[in-house]
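Participant: Sequence:
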Amino acid sequence: MNIRQAQEKDVSRIAEILVYNNRVNFFPIFKDEDYSFGKLQVMSVADEYLRDKERLQNTFIFDDGVIRGFIQLSGREIQKLYVDTFFQNMGIGAALISFAVKEKQSNFLWALEKNTGALRFYEKHGFRRTEERTLEEGTREYLVKLKR
1 MNIRQAQEKD
11 VSRIAEILVY
21 NNRVNFFPIF
31 KDEDYSFGKL
41 QVMSVADEYL
51 RDKERLQNTF
61 IFDDGVIRGF
71 IQLSGREIQK
81 LYVDTFFQNM
91 GIGAALISFA
101 VKEKQSNFLW
111 ALEKNTGALR
121 FYEKHGFRRT
131 EERTLEEGTR
141 EYLVKLKR
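Residue numbers for the sequence shown follow the UniProt record's numbering, beginning at 1 and rising by one.
Calculated from the structure, these hints are not laboratory results.
Any given hint could be a false lead.
With a straight-line Cα cutoff of 16 Å, these simulated EDC-like cross-link-like pairs (lysine to aspartate or glutamate) come out [what the hints assert, rightly or not]:
{"id": "1", "residue 1": "Lys104", "residue 2": "Glu141"}
{"id": "2", "residue 1": "Lys9", "residue 2": "Asp52"}
{"id": "3", "residue 1": "Lys31", "residue 2": "Glu141"}
{"id": "4", "residue 1": "Lys145", "residue 2": "Glu48"}
{"id": "5", "residue 1": "Lys147", "residue 2": "Glu123"}
{"id": "6", "residue 1": "Lys102", "residue 2": "Glu77"}
{"id": "7", "residue 1": "Lys114", "residue 2": "Glu132"}
{"id": "8", "residue 1": "Lys39", "residue 2": "Glu16"}
{"id": "9", "residue 1": "Lys145", "residue 2": "Glu123"}
{"id": "10", "residue 1": "Lys80", "residue 2": "Glu54"}
{"id": "11", "residue 1": "Lys53", "residue 2": "Asp10"}
{"id": "12", "residue 1": "Lys147", "residue 2": "Glu131"}
{"id": "13", "residue 1": "Lys145", "residue 2": "Glu113"}
{"id": "14", "residue 1": "Lys53", "residue 2": "Glu8"}
{"id": "15", "residue 1": "Lys147", "residue 2": "Glu132"}
{"id": "16", "residue 1": "Lys147", "residue 2": "Asp32"}
{"id": "17", "residue 1": "Lys147", "residue 2": "Glu113"}
{"id": "18", "residue 1": "Lys9", "residue 2": "Glu48"}
{"id": "19", "residue 1": "Lys9", "residue 2": "Asp63"}
{"id": "20", "residue 1": "Lys114", "residue 2": "Glu141"}
{"id": "21", "residue 1": "Lys114", "residue 2": "Glu136"}
{"id": "22", "residue 1": "Lys80", "residue 2": "Glu131"}
{"id": "23", "residue 1": "Lys31", "residue 2": "Glu123"}
{"id": "24", "residue 1": "Lys80", "residue 2": "Glu136"}
{"id": "25", "residue 1": "Lys80", "residue 2": "Glu48"}
{"id": "26", "residue 1": "Lys145", "residue 2": "Glu131"}
{"id": "27", "residue 1": "Lys9", "residue 2": "Asp47"}
{"id": "28", "residue 1": "Lys145", "residue 2": "Glu132"}
Estimated spans, in silico, between C-beta atoms of each pair [unchecked claim]:
{"id": "29", "residue 1": "Asn25", "residue 2": "Glu103", "range": "23 to 31 Å"}
{"id": "30", "residue 1": "Arg140", "residue 2": "Asn2", "range": "22 to 30 Å"}
{"id": "31", "residue 1": "Glu113", "residue 2": "Lys9", "range": "32 to 40 Å"}
{"id": "32", "residue 1": "Glu103", "residue 2": "Lys31", "range": "33 to 41 Å"}
{"id": "33", "residue 1": "Ala118", "residue 2": "Glu16", "range": "17 to 25 Å"}
{"id": "34", "residue 1": "Gln41", "residue 2": "Lys9", "range": "31 to 39 Å"}
{"id": "35", "residue 1": "Thr85", "residue 2": "Glu48", "range": "15 to 23 Å"}
{"id": "36", "residue 1": "His125", "residue 2": "Tyr20", "range": "21 to 29 Å"}
Just so you know, even glycine gets a beta-carbon here, dropped at the ideal spot from N, CA and C.
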């Protein structure tokens, strides 16, 4: 398996994948230029991972010589799952979610209601929407809870 626990040497690549995916997937929903192109920067995200050892310990990367994606967990919750857009639709996200479910017993997550691509992906991999919804902090957008 090409999935391993993230290490300090991986944080710049993790941050790069997170920032780019965030801009591609969330800027069209939130339309917040100040956040997406100002506050959200690769160096500051990498620094957050370096300072937060628990976050780094709960992040697992798909690495076959190139870090192609990552999943971040908290207990049984999937907090983040991103695959570099250049490597999407190659089974990497499926491998990461399978790892989380089988190896870490992950069984729920929250996703933006308007992120229909992510919702389809999670549903394809055995997650189902619940009735639970909550507002994303500081926005008018809803998160929906999905469970296995």
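Participant: Tell me if the straight-line CA distance from Lys114 to Glu132 falls inside 16 Å.
Facilitator: holds, 15 Å
Participant: Is the hinted pair Lys31 and Glu141 satisfied, with a Cα-Cα distance of at most 16 Å?
Facilitator: holds, 12 Å
Participant: Assess, step by step, whether the Cα of Lys145 is no farther than 16 Å from the Cα of Glu113, and give holds or violated.
Facilitator: Since the Cα atoms of Lys145 and Glu113 sit roughly 9 Å apart, the hinted pair holds (cutoff 16 Å).
Participant: Lying within 22 to 30 Å: is that true of the beta-carbon distance Arg140 to Asn2?
Facilitator: violated, 39 Å
Participant: CA of Lys53 to CA of Asp10, is that 16 Å or under?
Facilitator: With Cα atoms ~13 Å apart, Lys53 and Asp10 stay inside 16 Å; holds.
Participant: Would the pair Lys145 and Glu48 pass a check requiring their Cα atoms to be no farther apart than 16 Å?
Facilitator: With a Cα-Cα distance of about 26 Å, the restraint between Lys145 and Glu48 is violated, given a limit of 16 Å.
Participant: Starting from Lys53, check that the Cα of Glu8 is at most 16 Å away, please.
Facilitator: At roughly 9 Å apart (the allowed maximum being 16 Å), Glu8 and Lys53 satisfy the hint.
Participant: Run the distance test for Lys147 versus Glu132: straight-line Cα separation, threshold 16 Å.
Facilitator: Within the cut-off at roughly 10 Å; holds.
Participant: Quick one, are Lys80 and Glu54 close enough, alpha carbons at most 16 Å?
Facilitator: Since the Cα atoms of Lys80 and Glu54 sit roughly 14 Å apart, the hinted pair holds (cutoff 16 Å).
Participant: Taking the beta carbons of Thr85 and Glu48, is their distance inside 15 to 23 Å?
Facilitator: At 22 Å between Cβs, range holds.
Participant: CB of Ala118 to CB of Glu16, is that within 17 to 25 Å?
Facilitator: This hint holds: roughly 19 Å between Cβ atoms.
Participant: Just to be careful, I want the Cα atoms of Lys145 and Glu123 compared with a cutoff of 16 Å; is the pair within it?
Facilitator: Cα-Cα ~12 Å, so holds.
Hints 1, 4, 16, 22, 23, 30, 34 from the earlier list are contradicted by this structure; the remaining hints agree with it.
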